[in-house]
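With numbering that gives the first Met the number 0, letter number 317 in the sequence shown gets 316, and the count goes up by one each step, no holes.
In case anyone wonders, no lab produced these hints; they're calculated from the structure. A couple of the hints might just be wrong.
[Claimed, not checked] Distance condition first, Cα-Cα at most 35 Å in a straight line; then the derived DSBU-like pairs of lysine-lysine:
1) K322 x K281
2) K335 x K281
3) K319 x K281
4) K335 x K264
5) K98 x K319
6) K264 x K281
7) K319 x K264
8) K264 x K322
9) K98 x K33
10) K322 x K335
11) K335 x K319
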Amino acid sequence: MTDVTNGVLHTLFQSDQGGHEQVVLCQDRASGLKAVIALHSTALGPALGGTRFYPYASEEEAVADALNLARGMSYKNALAGLDHGGGKAVIIGDPELIKTEELLLAYGRAVASLGGRYVTACDVGTYVADMDVVARECRWTTGRSPENGGAGDSSVLTAFGVYQGMRAGAQHLWGDPTLRDRTVGIAGVGKVGHHLVEHLVREGARVVVTDVREDAVRRVTEGRPQVTAVADTEALITTEGLDIYAPCALGGALDDASVPVLTAKLVCGAANNQLAHPGVEKDLADRGILYAPDYVVNAGGVIQVADELHGFDFERCRAKAAKIFDTTLDIFARAKADGVPPAATADRIAEQRMAEAGAAR
């Protein structure tokens with residue numbers, strides 16, 4: 000057995016990042032599908048989480064990402080007050096090159112084989128139209144188009160929830176939830192990031208953005224003098240006068256290289272698994288930087304897709320997502336009282352809810 004395989008098994012069965020109930024490796028040679036479905040917990044109900052379609056460097060990297068993302072969904076769903084556990088799926092490959100209807104249908108059959116233990120939705124590399132295809136083979140699919148009885152793009156409420164988290168951070172740090180005249184740096188202005196820009200501009204914030212895609216940057220800067228762009232994330236996080244940093248691309252944005260040079264006083268973004276490794280949350284706290292736990296503030300999207308399973312109502316979902324402000328503010332207050340980082344406080348609250356549900360079962 001290779002060292003890499005041993006590492007994955009250790010993560011699954013023994014490490015603090017593990018504790019998963021089930022991991023399924025899926026393959027359909029005819030369509031080229033290679034996927035990993037990870038179920039971290041079903042204590043609160045069927046596992047709910049998106050499908051990431053990404054060109055991983057290796058199968059081992061894909062498994063590790065699925066494990067981490069699934070665990071994050073358990074905590075996210077618990078803090079959002081949903082009756083769902085946490086799960087995540089990753090499809091290995093470049094969606095621009097290998098995504099086909101046949102592959103998505105094969106993936107739908109793989110999810111359906113779990114008999115409702117996992118409910119799938121969109122994530123990086125998958126879209127509403129893809130979920131409509133998946134749903135042809137799997138009734139446990141959400142994040143579908145309005146034409147097919149779904150809620151449509153969940154990034155709208157994801158961005159709204161992050162915005163509420165920023166307001167909570169501003170209230171905690173500066174005594175006022177308004178973001179007017181604050182300078183906010185956003186790394187990644189894709190599906191969620193560009194909606195976040197709209198909220199901030201509307202409130203009168205100054206926004207600095209970066210993205211590897213020039214068209215995404217143009218979309219948010221054209222016609223908006225209050226939105227400027229920098230070359231890369233390194234330039235963004237070292238911007239003088241930055242009040243808030245919002246990682247809205249892939250995970251691991253907060254690491255041993257970025258934290259020491261970060262100029263912002265608040266980190267609040269949409270990306271999942273922003274902390275590159277355990278201990279980063281303490282490094283942030285030691286520098287006096289307030290971290291809004293990612294799975295708390297980016298829960299707007301999962302609130303939306305969960306509601307779709309019961310007959311979607313946008314205003315009902317928006318009202319639930321607005322409560323992210325109160326939840327985040329409460330976490331900051333508890334963390335301060337206990338003298339621990341907010342991430343530790345959020346974990347404790349989520350773990351307690353899952354433990355109580357597991358005991359009741």
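Quick check: which numbered hints come out false for this structure?
-> Checked against the structure, no hint fails, so every one of them is satisfied.
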